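Asks: Make the full structure from the sequences, and use the hints.
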Amino acid sequence: MAALINVPAKARRGDVIEIRALTSHIMETGFRHTADGKLVPRDIITSFACRYNGAEIFRADLFPAIAANPYLSFFTVAKESGKFEFEWTGDNGYSSTASASITVE
Amino acid sequence: MSIWRAIAAATLFAAAPALLAGEIPPDARRSGYSFMGPETRAMQDNDTSNPGMLFVLDGEALWGKKGGSADKSCADCHGDARSSMKGVAARYPAFDKALGRPVTLDQRINLCRANHQQAAALPYESRDLLALSAFVAHQSRGLPITAGSDPQAKPFVEQGRGLFMQREGQLNLACTNCHDDNFDKRLAGAPITQAQPTGYPLYRLEWQTLGSLERRLRSCMSGVRAQAYEYGSPELVALELYLMSRAHGLPMETPAVRP
Chain A
1 MAALINVPAK ARRGDVIEIR ALTSHIMETG FRHTADGKLV PRDIITSFAC
51 RYNGAEIFRA DLFPAIAANP YLSFFTVAKE SGKFEFEWTG DNGYSSTASA
101 SITVE
Chain B
1 MSIWRAIAAA TLFAAAPALL AGEIPPDARR SGYSFMGPET RAMQDNDTSN
51 PGMLFVLDGE ALWGKKGGSA DKSCADCHGD ARSSMKGVAA RYPAFDKALG
101 RPVTLDQRIN LCRANHQQAA ALPYESRDLL ALSAFVAHQS RGLPITAGSD
151 PQAKPFVEQG RGLFMQREGQ LNLACTNCHD DNFDKRLAGA PITQAQPTGY
201 PLYRLEWQTL GSLERRLRSC MSGVRAQAYE YGSPELVALE LYLMSRAHGL
251 PMETPAVRP
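From first to last, the protein sequence lines stand for chains A and B. 28 is the number that our numbering gives to position 28 of the first sequence; each next residue is one higher, with no gaps. 30 is the number that our numbering gives to position 30 of the second sequence; each next residue is one higher, with no gaps.
No wet-lab data here; the hints were simulated from the structure. One or more of the hints may lead you astray.
Said to hold, decoys possible - Here are the computed distance ranges between Cβ atoms for each label pair: (1) A:S95 with B:S219: 20 to 28 Å; (2) B:A75 with A:E28: 28 to 36 Å; (3) B:A98 with A:E28: 29 to 37 Å; (4) A:V40 with B:R82: 17 to 25 Å; (5) A:T34 with B:Q118: 31 to 39 Å; (6) B:K65 with A:T34: 27 to 35 Å; (7) A:K79 with B:E39: 29 to 37 Å; (8) B:G79 with A:R42: 23 to 31 Å; (9) B:E235 with A:E28: 41 to 49 Å.
None of these values were measured; they are calculated from a predicted model. We put the beta carbon where it would ideally sit given N, CA and C, even for glycine.
Replies: Here it is in structure tokens:
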């Protein structure tokens with residue numbers, strides 16, 4: 001699925017940087033019914049993780065009350081040049097990944 | 001002399017109701033953006049927090065994807081959308097000579113699919129159709145709206161204007177009663193806007209997804225307890241055309257974010 005990632009392209013060592021991750025997902029709660037009374041099965045992202053050069057720096061559990069196309073923003077310290085990897089997993093075996101790189105001077 | 005003065009006075013009186021029917025003068029026209037709170041504005045302003053951009057990305061992928069029995073993609077005819085589609089959405093709905101009536105951007109995409117790709121029409125409000133029209137309209141972001149200036153479209157603009165002014169539904173309200181006469185006030189907690197369609201298809205937080213202007217019009221119609229026109233009906237297209245001509249000169253914002 002499409003994802004929009006915002007990681008600064010460059011940062012100085014020791015800088016606190018903001019990372020923003022927005023992804024496409026319907027986040028169907030599992031509480032809604034169709035017009036003929038059938039329950040719409042739950043289909044949500046249940047977990048998000050971000051790794052910085054392989055080490056996990058942020059993780060979040062997501063729940064049915066979270067809006068469609070979830071948007072997460074968090075901070076970390078720029079330590080070294082490298083890669084941020086993002087992973088969303090969810091119901092029905094859902095899995096989606098994205099990555100972004102950073103140069104630390 | 002006095003006859004001429006009487007005629008002039010009569011003309012003024014005759015013209016006055018048309019001018020004073022609450023229509024918004026061109027320099028007082030404002031996008032729905034100006035009615036939003038700072039958080040929603042910030043969400044729209046940043047392309048990495050604007051969820052509408054997810055659809056634009058999907059649309060970009062669809063633009064280059066071959067399809068239909070002609071096995072052609074949009075890009076095979078139109079090339080790079082950044083140049084070929086620039087300003088296109090700002091003049092839609094546009095008059096189609098072959099059909100003899102205006103068509104919306106969504107209808108144009110489906111006409112292209114039928115005539116050139118030999119592909120099935122995408123249903124209204126389907127993700128793919130919204131993504132394609134968001135991607136095309138995004139190429140006009142920042143450009144002024146020019147729809148409705150084609151002289152052939154004039155009768156349809158007038159039809160749309162008539163519908164805008166016509167009371168309907170159990171609440172017996174016309175569009176103009178809120179959007180010309182009472183903008184800047186509130187309907188329950190929500191601000192009443194001028195109904196300038198600058199950012200469609202747009203991401204509405206209430207919908208949790210992207211939606212077309214027709215969807216927005218239909219939800220206003222059910223709001224006044226009227227029977228909403230069907231998607232793609234001549235009435236909705238005429239209303240859409242009138243609204244776009246009414247927003248003449250305002251910059252496009254697609255994909256906008258609205259509460």
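Asks: Of the hints stated earlier, which fail here?
Replies: Numbers 1, 3, 4, 8 and 9 - these are the hints that the structure violates, sorted from lowest upward.
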